[in-house]
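Protein chains: 2
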Amino acid sequence: MLTKPQQHLFDDATRVVAGDSRWQGRTSPDYFAFVGPFGGCTAATILRALIEHPQRAGDPLALTVNYCAPIAEGEFDLDVRLVKANRSSQHWSVELSQGGGDVVTLATAVFAERRPSWSHQSAKMPETKPFETIPPYTKVAVPWAKQYDFRFIEGEPNFAGSKQVPTSAHSKLWIGDRAPRKIDMLSLVSMSDAFFARVFHARRELVPFGTVTLTTYFHLSSEDLATEDITRVLACADAKVFNRSYQDQTGELWSPSGKLIATTTQMGYFRA
Amino acid sequence: MLTKPQQHLFDDATRVVAGDSRWQGRTSPDYFAFVGPFGGCTAATILRALIEHPQRAGDPLALTVNYCAPIAEGEFDLDVRLVKANRSSQHWSVELSQGGGDVVTLATAVFAERRPSWSHQSAKMPETKPFETIPPYTKVAVPWAKQYDFRFIEGEPNFAGSKQVPTSAHSKLWIGDRAPRKIDMLSLVSMSDAFFARVFHARRELVPFGTVTLTTYFHLSSEDLATEDITRVLACADAKVFNRSYQDQTGELWSPSGKLIATTTQMGYFRA
Numbered sequence: 001m002l003t004k005p006q007q008h009l010f011d012d013a014t015r016v017v018a019g020d021s022r023w024q025g026r027t028s029p030d031y032f033a034f035v036g037p038f039g040g041c042t043a044a045t046i047l048r049a050l051i052e053h054p055q056r057a058g059d060p061l062a063l064t065v066n067y068c069a070p071i072a073e074g075e076f077d078l079d080v081r082l083v084k085a086n087r088s089s090q091h092w093s094v095e096l097s098q099g100g101g102d103v104v105t106l107a108t109a110v111f112a113e114r115r116p117s118w119s120h121q122s123a124k125m126p127e128t129k130p131f132e133t134i135p136p137y138t139k140v141a142v143p144w145a146k147q148y149d150f151r152f153i154e155g156e157p158n159f160a161g162s163k164q165v166p167t168s169a170h171s172k173l174w175i176g177d178r179a180p181r182k183i184d185m186l187s188l189v190s191m192s193d194a195f196f197a198r199v200f201h202a203r204r205e206l207v208p209f210g211t212v213t214l215t216t217y218f219h220l221s222s223e224d225l226a227t228e229d230i231t232r233v234l235a236c237a238d239a240k241v242f243n244r245s246y247q248d249q250t251g252e253l254w255s256p257s258g259k260l261i262a263t264t265t266q267m268g269y270f271r272a
Numbered sequence: 001m002l003t004k005p006q007q008h009l010f011d012d013a014t015r016v017v018a019g020d021s022r023w024q025g026r027t028s029p030d031y032f033a034f035v036g037p038f039g040g041c042t043a044a045t046i047l048r049a050l051i052e053h054p055q056r057a058g059d060p061l062a063l064t065v066n067y068c069a070p071i072a073e074g075e076f077d078l079d080v081r082l083v084k085a086n087r088s089s090q091h092w093s094v095e096l097s098q099g100g101g102d103v104v105t106l107a108t109a110v111f112a113e114r115r116p117s118w119s120h121q122s123a124k125m126p127e128t129k130p131f132e133t134i135p136p137y138t139k140v141a142v143p144w145a146k147q148y149d150f151r152f153i154e155g156e157p158n159f160a161g162s163k164q165v166p167t168s169a170h171s172k173l174w175i176g177d178r179a180p181r182k183i184d185m186l187s188l189v190s191m192s193d194a195f196f197a198r199v200f201h202a203r204r205e206l207v208p209f210g211t212v213t214l215t216t217y218f219h220l221s222s223e224d225l226a227t228e229d230i231t232r233v234l235a236c237a238d239a240k241v242f243n244r245s246y247q248d249q250t251g252e253l254w255s256p257s258g259k260l261i262a263t264t265t266q267m268g269y270f271r272a
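Line by line, the protein sequences give chains A and B.
Its first residue numbered 1, the first sequence is counted upward by one per residue in the working numbering.
Its first residue numbered 1, the second sequence is counted upward by one per residue in the working numbering.
Treat the hints with care, since some could be wrong.
[Said to hold, decoys possible] Chain A residues, not near chain B, derived (Cβ > 10 angstroms throughout): (1) D11; (2) V140; (3) A160; (4) E252.
[What the hints assert, rightly or not] Here are the in silico distance ranges between beta carbons for each label pair: (5) B/V140 / A/L82: 30 to 38 angstroms; (6) B/V142 / A/E113: 26 to 34 angstroms; (7) A/R81 / B/F159: 36 to 44 angstroms; (8) A/D12 / B/Q7: 55 to 63 angstroms; (9) B/A160 / A/V35: 50 to 58 angstroms.
Hints listed in this document are in silico derivations from the structure and should not be mistaken for laboratory results.
Please read all numbers here as calculations on a predicted model, not as lab measurements.
Ideal Cβ placement from N, Cα and C applies to all residues, glycine included.
Based on the provided sequences and hints, a complete structural model is requested.
Shown next as structure tokens:
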């Protein structure tokens, strides 16, 4: 008897049902955070709707997701709109809402034909340690974080408090799906938001926090990314400034082969 | 006889006429680039419409502008929409079009009450030299660039070509308006896009280039920024990767007092 291969939880969590301009998705308890779904999963769901859209041409180049209000557990609608199409690029907007209510997530995306060109990676891959030699970080209580395998090289979270705050906001770690899954554009988006809040690191304590806006840039074509054939990335994150209830975060996602495959930046709200 | 004080060219170039949801603006020859208006000026015009909007509450926190197609010389419409308002933040979208045609620029913005909080600037201001000791960079042919006073500390453009490309994509410079103007949120947005394309630096030559998407984060409240009372910023820019016809760019804008007042990131198209 043939059994259907079990789908990865991440693919289940980011599943969308195609519509004309209105698509559907639903939150997954596996990827829940404290007051709603994990923002990375929401962003990946939005990107999936665009990638699967029949009018989509080219590869994801840039995605910005603005988290306007918490998403409630359950179904949601995605209003997907091709705002402008050019010869080699497309501009999209997506509005996520529930039950005909207010927009709770607002996103824009750029897709582009990634034509061959002069190429140069000026950023150097940070020094690392083999994934296998680092124990996984398991001190996580929130559902979404249990879906990832975090292996910290630098900046392992320590929420024991410290008399010497602020401590460094920098982290360097391997991130993969707990059940290994080949890295694609969807995982890059989700992992862009999978860093713990920088304020937790700088203050060595958990404080109320939420991502407000997330932007991710993709530096490989989908084909080149598939050729990497990897199940984890070297992820680096840092913050430059915490001020008046908001922090920034910058991040890089590296292929083990040394290619910078995505960069990300976000602003998040904190209470401290 | 009293004479009306002459308005700064930048304020004239970013002027908007209020509507209900539809606002108007027009391109300025003073801030033109090669195939359309300077993207920084367009972004500032969009931000001005939001700041002047009667429903606006709080300070700019984040702005993303997607340049979908060139803007033609002349008038344009801004469809301004408050997508979601919360107790202490607002989410906006703006669509710029001309003559009832396609959207040519698509933007989202987040505004927020910048409530006092724990504060920490982990980024350190780069070393600099006094503005007055550096000659202005004047080798610019394009109108918009003539409106700025660029004083390079590192990475002065050199388009003479080089046998040793790639050269560094890093630049550090003072930027002010040529006719001094107090730095506000509008100038920060415009200056975010006022760096020369990183590919020009890395290849030491001018190649076809256009900003595709620009994101700027604001780290001070409007009031704190006004208190700085400055007419120029220390601006740093770099690129991490040039691949398949696109480059990234990261940038920081510093107050002379040492405060990081804005950070910016963009993806741009190049042909090389």
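Hint check:
For A/D11, the non-interface assignment is confirmed: its Cβ lies about 26 angstroms from the closest Cβ of chain B, beyond the 10 angstroms cut-off. For A/V140, the condition that its CB be more than 10 angstroms from all CB atoms of chain B holds, with the nearest at approximately 24 angstroms. Chain B leaves A/A160 outside its interface by the beta-carbon criterion, the shortest separation being 18 angstroms against a cut-off of 10 angstroms. With a least CB separation of 7 angstroms from chain B, A/E252 falls inside the 10 angstroms interface cut-off, contrary to its annotation.
Here the CB-CB span from B/V140 to A/L82 is close to 37 angstroms, well matched to the stated 30 to 38 angstroms. Restraint check, B/V142 to A/E113: a C-beta distance of roughly 27 angstroms satisfies the suggested window 26 to 34 angstroms. Look at A/R81 against B/F159: about 40 angstroms separates their beta carbons, and that is inside 36 to 44 angstroms. Between A/D12 and B/Q7 the CB atoms are about 58 angstroms apart, so this pair conforms to the stated range of 55 to 63 angstroms.
One distance hint, 50 to 58 angstroms for the beta-carbon pair B/A160 and A/V35, holds here, with the actual separation near 56 angstroms.
When held up to the earlier numbered hints, the structure conflicts with hint 4 and nothing else.
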